[in-house]
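Enquirer: This is what each chain is made of:
2 protein chains.
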Amino acid sequence: MKPSVGLIGLGLMGRPIAANLLKKGFSLTVWNRTASRAQDLVSQGARLVATPHEAAAASDVLIMIVSDPPAVEQVLWGEKGAFSGLRRGSVLVDSSTVSPELARRSAAACAERGIEYLDAPVTGGTWGAEKGELVMMVGGAAETLKRVEPIFGAIAKRWFHLGPAGAGQTVKLAMNLLLALEVEALAEALALTTAGGVAGERLVEVMQSSMGRAPVLDVKAPLLLERKYPPSFPLRLMHKDLALALDLAKQLGVSLPAGSAARDVYAKILNSAREDLDYAAIGRYWDKAAGA
Amino acid sequence: MKPSVGLIGLGLMGRPIAANLLKKGFSLTVWNRTASRAQDLVSQGARLVATPHEAAAASDVLIMIVSDPPAVEQVLWGEKGAFSGLRRGSVLVDSSTVSPELARRSAAACAERGIEYLDAPVTGGTWGAEKGELVMMVGGAAETLKRVEPIFGAIAKRWFHLGPAGAGQTVKLAMNLLLALEVEALAEALALTTAGGVAGERLVEVMQSSMGRAPVLDVKAPLLLERKYPPSFPLRLMHKDLALALDLAKQLGVSLPAGSAARDVYAKILNSAREDLDYAAIGRYWDKAAGA
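Going down the list, the protein sequences come from chains G and L. Numbering-wise (this note's numbering), the first sequence opens with residue 1 and increments by one. Numbering-wise (this note's numbering), the second sequence opens with residue 1 and increments by one.
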């Protein structure tokens, strides 16, 4: 019999993940801070509950994908939180992006309660989430991963077991550092090209025939060229992930010179934006510099 | 009848370019500062001459691909230089990577002498040069490009006409800024991953399943993982190109925060290296930081 699944967090990633779980026939209980976001999923068969506690109590496997460390702490340890509902022998999968330290703290809290734990942050964006083709970076016990593989198969094309609790988050922060810097690299190259009198479109054409081409750049280049930034992966989340990566680097005594410079660009645009923008909106850094 | 071709500069890029021109049946005259490097090409049918002047005088189309702006100035304006040999109506193609300003100065000097000029720097590395699959970024007159397309077809899979003289160099500097930052991004992500206790190989696996994957990273990742850096594109040349990109940015009033931070990493490793290393050798920045 299929395990009952709970999902906490119905944002840009959580909603398509939930839809794929329903499509694959999992019994699904959902909770979201803003309950109205569950409407579509309820009509597809999800059961909406009023607290993380209820979602946890109804589930063999509880997945959470919320926006940041404070949200994770609130969901797990807060009033009517998941830890008050999770049963001994159940599994908690945290697919949020947080620090490895918080992942290890969550894992320890699970262990005390006889709950199994995985950190399993994802990459692939909303597109990957919709197609059920995410890539998951997993930390925790191999046997626990084995238990949840049928569920992961509904939402991801691949998963990598990277080590004990926290290892998934370490690699996820490194991946987002890489992605943030790749988009920063294209934005800087475009700024130089256009200031030099050549249309940015031409650089993108050359880039797409070059060793530098990357799927993330194919996706973000049109946003940078059109200066329109509807959020696929929001700037505020990428900024948070860069901050987590730089915090981790500092703890570990690792210098990340370009990552640090890029974080300042992300911070500047985030602070000046009133809308919810995609992280490609760092392109605005040069609009402003040019007085546009 | 096929135009006679001259080639000045038989480095890592020039030699395979020359070999492809010979294979396609072009009559080829070559010059190199270190004449011994022409040995193989002579046995394949190239004519080796003793000065840039002679190579220029023998050619309808003279291509040069040398390492930096001083080398270009020496070859063109130096004693027994190309300008003393190039005939009215011939074409000079500069495939070196230099500043757009030097490209415009070369173009003006050509125009005074009734010579046509293109800047046509290349991307694709030694692999692309060997396969005849370079990508060329072209500045200059469209009619001049039309004249040399049969020659470009022997060495490149695509060429982009990007604007007047200098436009090819502008886009080339932006492209190398992009590539240098992509490799810097991977090096920083690897440093964070390994310091966090996960093998770098695992990050590379995840990267290759992600939106961040890029051919340049597939090629450079093994060098970074093995900490061995045989030069494909030498660090000293990438450092020079970053310096040219940052000079251009300064002239144009464009800020490149991550590019600037990356340049400092490239400079540090270049200054401490006694061998000729590939630009992936920036990975040593973290070996040193870790005291390794």
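Hints listed in this document are in silico derivations from the structure and should not be mistaken for laboratory results. Just so you know, these numbers come straight off a predicted model, no measurement behind them. Careful: at least some of the hints might be erroneous.
Here chain G is said to cover these stretches of chain L; the calculated rule only asks that three of the stretch's residues, wherever they fall, bring their Cβ under 8 Å from a Cβ of chain G [as the list claims (entries may be wrong)]:
| hint | stretch |
| --- | --- |
| 1 | 36-43 |
| 2 | 85-96 |
| 3 | 169-182 |
| 4 | 205-211 |
Here are some chain G residues the structure puts well away from chain L; computed CB gaps all over 12 Å [what the hints assert, rightly or not]:
| hint | residue |
| --- | --- |
| 5 | G85 |
| 6 | G139 |
| 7 | A156 |
| 8 | A167 |
| 9 | E184 |
| 10 | A185 |
| 11 | T194 |
Glycine included, each C-beta is placed from N, C-alpha and C at the ideal position.
Enquirer: Hint numbers the structure violates, sorted upward?
Expert: 1, 2, 6, 7, 8, 9, 10, 11
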